[in-house]
Every structure is written in C-alpha cells, then in structure tokens.
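Chains A and B, in that order, give the protein sequences.
The first sequence: position 244 = 244 (my numbering), numbered continuously.
The second sequence: position 149 = 149 (my numbering), numbered continuously.
Everything labelled a hint here was simulated from the structure, so no lab data went into it.
Take the hints with a grain of salt, since some may be wrong.
As the list claims (entries may be wrong) - Residues on chain B that point at chain A, a partial pick, calculated with CB under 8 Å:
1. D59
2. M86
3. A140
4. L168
To be verified - Listed next, with one range per pair, are the computed distances between beta-carbon atoms:
5. A/M217 - B/T177: 30 to 40 Å
6. A/R8 - B/E84: 32 to 42 Å
7. B/T110 - A/S91: 58 to 68 Å
8. A/F175 - B/L134: 16 to 26 Å
9. B/T110 - A/E218: 15 to 25 Å
10. A/S189 - B/E25: 51 to 61 Å
Positions of the beta carbon are idealized from the N, C-alpha and C atoms, including for glycine.
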Amino acid sequence: MALRGNLRDFTVTQLLNLINLANKTGTLLVEGPNEVARIAFRDGKLAYAQLGQEDNRLAAILHRANRLTTGQLRVIQMRASSLSDKELGLSLINANYLTQEDVLNALHAYFTDIIRRLFAWVEGTFHFENEMLPPEDRITVRLDLENLIIEGARQLREFEQLQDEIPSLDMALRFTERPGANLQKMNLSVEEWRVVSYISPRNTIQQIAAACKMNDMEIRRIIYGLLQAGLVEVVRIENVPAAVEKARAAAMPAQNKEEQKSLVNRLISRIRSI
Amino acid sequence: MQTVKMVVTGPFSAGKTEFIRSVSEIDVVSTERKITGDSERTVKQATTVAMDFGRITVDEDLVLYLFGTPGQKRFDFMWEILSEGMLGFIVMVDSTRPETFREARSILETFRAYAPTPYVVAANKQDASEAWELEDMRHALRLDSKVKLLPCVATDKNTVKNVLLELLYSILAEMETSEK
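For reference, chain A alone in the conformation it holds in the complex (with noise of 0.2 Å):
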C-alpha cells in the first residue's frame, strides 16, 4: 500500500521520522517544483541522497568537500571515469591519499546538506519505494536521523502548526521506551537540555515551560523537536486515576463496580450479535 502524499500537508521532518521509527528501507521520492530529490534508506538510516541532476559521484563529492583539488577532479574524471564509487574509494584509500573515515566523512556531510536543502521544500510531492536501493557501485552510508530530525524541526517556525502539533499545554510527557534512541549522541541545545531534565509524567508542558522560563512558542518548539526525533511522548498528567473515576462515573449509569463492568459486558454482546 502506498506511502505518498503531499509536501503542504506532510513535512520533510516529518517523512524522517516516520521512516526512523518504522525503521524502512526504501527509497523516498521527493518531486519538487524544480528538482526530484532521492534519499535512500537502510533500516530506518539515512543511505544515500541525490538531488536534481547535480553530480554525486564519489570524485565531485571529494572535491566539494576540499578533499581533491580542481585538477585532480578532472584527472579522475578524465582517466578514472569508468571506475565505480567503490572502486575510486578503494585506489585512494589504498594510495594512502585519504583514509576510509575522510571518504564517509564527505559523503555523510553530502548526504545531510541534501537534507537540510530538503528541509526548505514546502511545495511538492512525495512517495516512498520499499526495498528500492542505489546501484550496487555506490557507497552507502548509516546515519542515524534523530539529530537531522531534530534540526529539521528547529526550522519549523510556524506557531500555527507548532499549535496543532501541541494543542494543550496542560499534558505531560515521558521518555519513550525505545533500544535505539540514544540520548547522549544527540546533539541537544541547551535549551533543549534543560527541558528534557525536567521531563516525568508528573510535570505539565505548562510547568515545565515555566521552570525554564520559556514562552509557549519556544517551549512547543522545543518539544516538537523531541516529539518527532521519536524521544518523547505525549501523555495524561500522572494522578489521574480519580479523574478517570471521575469520568467513569459521570458517563455510567451504575455507580457500582461490579455493576458497572456488567453493563460493559451487555454491550458486548449486544454488538456481537448486530
């Protein structure tokens, strides 16, 4: 079933998170005004990119990463162009000219500028091919998301949609109980600290706004980034079993336990046998 939709109603931030949570492999079509842009995935990790028709192999990204100069470029180009990505990465490596960690780092800087251009699209359309994969000449890189989600939505400005993300301030939230979120390799702000240390199901977005003196805007912001990196959730301030109770009560009939789940048990079966 399909994976597509529109870039006004469906963020790029957006699109990250949900491939970083539903750890996806496949590659994600985006169709801008001007350019197609297609970032691959592996397990829910950044793989790949290519914008547009601009030139991504290993040589162009080396040279705009200041790792080989201009003529060295058009040596490569002249005398090497039937060598693979992996192939070119593998003689460099091996003539000692660059190590394998200067190679992924031009490649990881590549890859998440792409993004970070990505992120300014608001106009567009999207979807999302499972399992598809750059050919297998390419190198592919494993890069975790959250950091680039938590950017993406650092860029989110609107207080209207920050408003709809975050409707009360009055809940509270908690960390996720997710193995591969890790939060010492995040790259938080301060700000963005500060708020997580008072993060527990017993303080309100409210209270924790007011703690670290912060106004709606900059606290919703703050936690936008954290929803979507998938780092927290949002839920019902902790004490609220009386409440519940008291919500029970008022829409039951019966005041009584017992009584009570009976008349649940009633409507079971009634809408069994429609």
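Starting from the structure of chain A, add chain B where the hints point.
Same frame as chain A, but now just chain B:
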C-alpha cells in the same frame, strides 16, 4: 432506562457519519448541510454541522447512543459539549488522506484533554488501494504501541462492530486495572 454514549470523532470527511449509519438501528439523525467552501466541496457535497446521532438498544433497560462530531474545525465548540459523560471515543482517520493526519492527532489530543476515557483509532477506507499501511499511520499519527489502531471500512458493518468491540474491551480492561 439507562443510557450510555460513545463519541465518534475525526477530521472532516473521515467517515464518521457512515460509521454510525452502519450499526445504528435508527436512521442516523444527521444534521448535514451543503458545503459552501470550494476546497471542502471537492471532498464531499455535504457535511455534519452539529452532530450525528445513532442508537443501539441493548435491552429494555439499556441504550447506547453514538454521537458523531462535526469534522470542520469551525464547529469545534461542539466537541466539549459532546464529550461530556462519554464512555469512550473513536477517532476516525481517512487512511487515504495523509493531509488530515495532523488534524486527527490534534483532535485526539483535544479529546484526551476533555476526558481521560478509553479510546481507539479507526483507520477508515483500508479497502482503498491508496490507503496507508497501519504501521505507517501509527508512526505518522504518533500513536503509542498500546493505542489500538484498527482497520476499518465505515460502510462495512463487521469492521465497524470490531472497532466498537475493541473500544468496549479497552473500557473493561481499564476497569479491571483500576480495581487492582
């Protein structure tokens, strides 16, 4: 006569009226009006402006009422009124319209804030070829794995029954948990 009520909510054109119509024993008392906005009219011709109202008689002492909320945001003042005293609620989401997912989440959060009652999310139009997969919807809607996200086709009585039953099981489970 005892009465209980459940609320069916969700964005505009999610399928709330159809959902109630599939199981109600009376013709749904619908307050649909012709749509005036161009963008909304492209989706459907009429919409619920106050509420839908369906009924299921359980026995001579007990009646279940199903209330459908108006989907358009400008009628959200009705939501709080409808949510008062509900046993639980169902959030309907159109699986083929990802542009409504954000609004669905916002409606869900709003209803959770109104009343801490059990709820389920029904992924409607799962029979359509362009429907999103349930797991993708779960992530897009940012639903915890414990939240029931159920496949649904609002015009198919069996899937509607299943959604109602799952909500009732959740209500029962919460009662049992609170006893411990």
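Here's how the hints hold up against the structure:
1. D59: holds, 7 Å
2. M86: Cβ of B/M86 sits 6 Å from chain A, so the hint holds.
3. A140: This interface hint holds because 5 Å falls under the 8 Å limit.
4. L168: holds, 5 Å
5. A/M217 - B/T177: 30 to 40 Å: holds, 37 Å
6. A/R8 - B/E84: 32 to 42 Å: holds, 35 Å
7. B/T110 - A/S91: 58 to 68 Å: Between B/T110 and A/S91, where Cβ atoms are some 60 Å apart, the hint holds.
8. A/F175 - B/L134: 16 to 26 Å: holds, 25 Å
9. B/T110 - A/E218: 15 to 25 Å: For A/E218 against B/T110, whose Cβ atoms are near 22 Å apart, the range 15 to 25 Å holds.
10. A/S189 - B/E25: 51 to 61 Å: holds, 57 Å
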